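Asks: Between the sequences and the hints, there should be enough to build the whole structure, so can you do that?
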Amino acid sequence: MTSVILTTTARLLHPVLLITSIFLLLRGHNEPGGGFSGGLVAASAFALHAMAHDARQARRALRIDPHVLIGVGLLTALSAGVMSLAAGAPLLTGLWTSVHMPGLGEWAIGTPLLFDVGVYLVVVGITLLIILCLSEAE
Amino acid sequence: MIPLAIVVGGLYAAALYLIGRRSIVKLVIGLALLGHASNLLIFSAGGVTRGRPPLIRPGDEALIAPYADPLPQALILTAIVISFGVLAFALVLVHRAYTAVGSDDVDAIRTTDA
Amino acid sequence: MKPLLVLPIILPLAAAAGCLLAWRSRVAQRVIGVAGAAALLVAAVLLLQSVWRDGVQAVQIGRWPAPFGITLVADTFSALMVLLAGIVGFATSLYSLASIDARREQYGYHALMNVLLMGVCGAFLTGDVFNLYVWFEVMLIASFVLMALGGERAQMEGAIKYVTLNLMSSAILLAAVGVLYGLTGTLNMADLSVRVAARPAGGVMTAVSMMFLVAFGIKAAVFPLFFWLPASYHTPPAPVSAVFAGLLTKVGVYALIRMFTLVFTHDVAFTHGLITLVAAFTMLSGVLGAAAQSEFRRILSFHIISQIGYMIMGLGLFTAAAVAGSVFYIAHHIIVKTNLFFVSGVARRLRGGYRLDGLGGLYRDHPWLALMFLVPALSLAGIPPLSGFFAKFALVRAGLAIEGYGIVGVALVVGLLTLYSMTKIWSEAFWKPAPGNAAESPAPPMSADARLMLVPIALLALLTVAIGLAPGVLLELSVRAAEELMNPAGYVTCVMGEPS
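Residue numbers (our numbering), protein chains in the order written: chain L, -2 to 135; chain P, 139 to 252; chain F, 124 to 623.
No lab work stands behind these hints, which were simulated from the structure alone.
Source: prediction; values computed, not measured.
Hints may be right or wrong, so weigh each one.
What the hints assert, rightly or not - Pair ranges (Cβ atoms, derived): (1) L:V1 to P:V230: 31 to 37 Å; (2) L:H11 to P:F222: 38 to 44 Å; (3) P:R195 to L:T(-1): 52 to 58 Å; (4) L:H97 to P:H233: 52 to 58 Å; (5) L:L92 to P:T216: 23 to 29 Å; (6) F:L585 to P:G158: 33 to 39 Å; (7) P:L201 to F:F516: 38 to 44 Å; (8) F:L397 to P:T216: 28 to 34 Å.
What the hints assert, rightly or not - Calculated from the model, a selection of chain L residues having no Cβ within reach of chain P, i.e. all distances over 12 Å: (9) H11; (10) I16; (11) E103; (12) W104; (13) A105; (14) I123; (15) I127; (16) A134.
Said to hold, decoys possible - According to the in silico footprint, chain F covers these stretches of chain L (three or more CB under 8 Å from chain F): (17) 1 to 9; (18) 56 to 67; (19) 84 to 98.
Ideal placement from N, C-alpha and C gives every residue a C-beta, glycine not left out.
Replies: Here it is as structure tokens:
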């Protein structure tokens, strides 16, 4: 049962939700937000897609198998932890460096951001795995 | 503090009552309430403080009392995320068990008991 | 070597992530699963070696100083437990190659097994009570899915009981952690050890310790909280129940021993007296329950319970010799019990079921399998010169040394009854002629799968014999572990730094 109103709204909201999720992910270090909430918002974009069309369409829109997404996320978060081991510090110690971006000035980039990206991917993967599996079982 | 203690006690009582029921669905609801009760217990045991957030203001050197203890909230947040995952699993399990057994009565799932 | 401390957590996590990346390929998942377990085993050996050489080690995760951050600590006891987890994990991953069906593998069996190992190792290594709760949950969620994976009706029924009781125990543990934090203002175990000892002994702390006893007691399946275990452990496939039987309940025992040697030693007469009483009833009820059973894995499940009694008996007696006996017993039991469940899986593969009346003639058809059953079975009953004899001997001697004649009497009687159960399995499954007309026909040769399943069984049986013939190594380790447990000062100094 696809409704025109829902599919149109879902199509319009899809990019907005994804951009919001990345915004939440990036501001998360010092302000409310972060990988977990960002991931949930991103997952909701695809969940909305699944509701407007069906689960198979949502899988196609996602392009990547949620299992793989979880795996990549876990490895990303793990690599953030292991980097500090390689630098001789205890696991998960934050390492920071500053990068000069043309037009944007100095940016501080560190392993906590990488860890958050990993969390983001894991949350997107797990939430979508649950939602898609359940809606396909209907 | 007293109202919080009453709420925690009420939640525990409701949870145990539901867990004691024969319906598996109510059992799962009971388990969810049990988790909430424990979370609120941490909250009250950790000491509820009416005060400022535990942040050092610009210009200050240290925290000024009274400030709220952030740790119980961090613990509860972790516990909530965990119970979210576990309950999602428990619901699917109940659904699968219902299709396998054909009943949500705990008395119907005694074939594996010794 | 600080990285060694985190490897037992990182390696299984990386292996699980690798399995997820290779979601479409069964072969790749199998390779990664075995490689992860093998890497864990190697890391565990190195960790134990390093702890043996340099003493207790701690690492502050994220460089947050104790007691504010999460600390990982490895003393001899933790390192030994991690090694046992590595041995069981590796043996099981080999066994699973032959015994787990393709459908379960497709649904992520190998990834789940590695997550389970990560949770177990995390629980052994953490030095923070709340972190201990988190690792318990990691382990439980993986075990929930492994328990239900496959979706057979018996599995569903077993899983509901297993999930319910374990969730209740987690809720109690969480509440206990919260109250303990309210009382002491800290979650770091070393810091707790100091602060609880500094408080005037009182009823509130004893009440909190009882909450921990109940929470870990459910997970360890002690009397009278064990009923979920024999109702669920015999439902999943053999390698899954082998890991559950070998490792999972022992994590509960580990947590009991850790908390009741490091933190709750303010009222030993009451708390440890109660633990001794619980130990006696656990031993008796487990072995009597087993006597009434006539299914291979149910008998073994009830024996887990009675063996848990021995492990916490040493904790209850609370002398260095007794705790050393407990540590030795845990090590012996993990290897032996895993192996017995492996054998039950082979028996099912050969005869099609676990019920003893449907089994039979296995000695005539497969004498080597019979021998490999006999080694862990006799070891479980405590026949010299196998590992179980020295484990029981150490506990009994420690009990006699402090004149605990009651508990020693119970332990000896239970040993005899264990022998009764093992001879029952032996005569029913191996010695009596095969039921029906299979008795006359020549034995069909073992399939390649079943022969592969014998490899980990043989490895663990050899280990049992080796411990029996040269008990000195494990005994020395246990004594050192017990000394560290009974004198927590070294542990505390290592975590908190030198007192200033």
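Asks: If a hint holds in the structure, say so; if it does not, say that too.
Replies: Consistency of the hints with the structure:
1. L:V1 to P:V230: 31 to 37 Å: For V230 (chain P) against V1 (chain L), whose Cβ atoms are near 33 Å apart, the range 31 to 37 Å holds.
2. L:H11 to P:F222: 38 to 44 Å: Since H11 (chain L) and F222 (chain P) have Cβ atoms about 25 Å apart, the given range 38 to 44 Å is violated.
3. P:R195 to L:T(-1): 52 to 58 Å: About 53 Å separates the Cβ atoms of R195 (chain P) and T(-1) (chain L), which means 52 to 58 Å holds.
4. L:H97 to P:H233: 52 to 58 Å: At roughly 54 Å between Cβ atoms, H233 (chain P) and H97 (chain L) fall inside 52 to 58 Å, so the hint holds.
5. L:L92 to P:T216: 23 to 29 Å: 24 Å, holds
6. F:L585 to P:G158: 33 to 39 Å: Given a distance of about 49 Å, which is not inside 33 to 39 Å, the answer is violated.
7. P:L201 to F:F516: 38 to 44 Å: 57 Å, violated
8. F:L397 to P:T216: 28 to 34 Å: Holds: the Cβ-Cβ distance is about 31 Å, inside 28 to 34 Å.
9. H11: 24 Å, holds
10. I16: 25 Å, holds
11. E103: 21 Å, holds
12. W104: 23 Å, holds
13. A105: Given a closest Cβ separation of 19 Å, the condition holds.
14. I123: 8 Å, violated
15. I127: 6 Å, violated
16. A134: 8 Å, violated
17. 1 to 9: violated (count 0)
18. 56 to 67: holds (count 4)
19. 84 to 98: Our answer is that it holds, as 6 residues pass the Cβ test (under 8 Å) against chain F, meeting three.
The structure does not agree with the numbered hints 2, 6, 7, 14, 15, 16, 17 stated previously, though it agrees with the rest.
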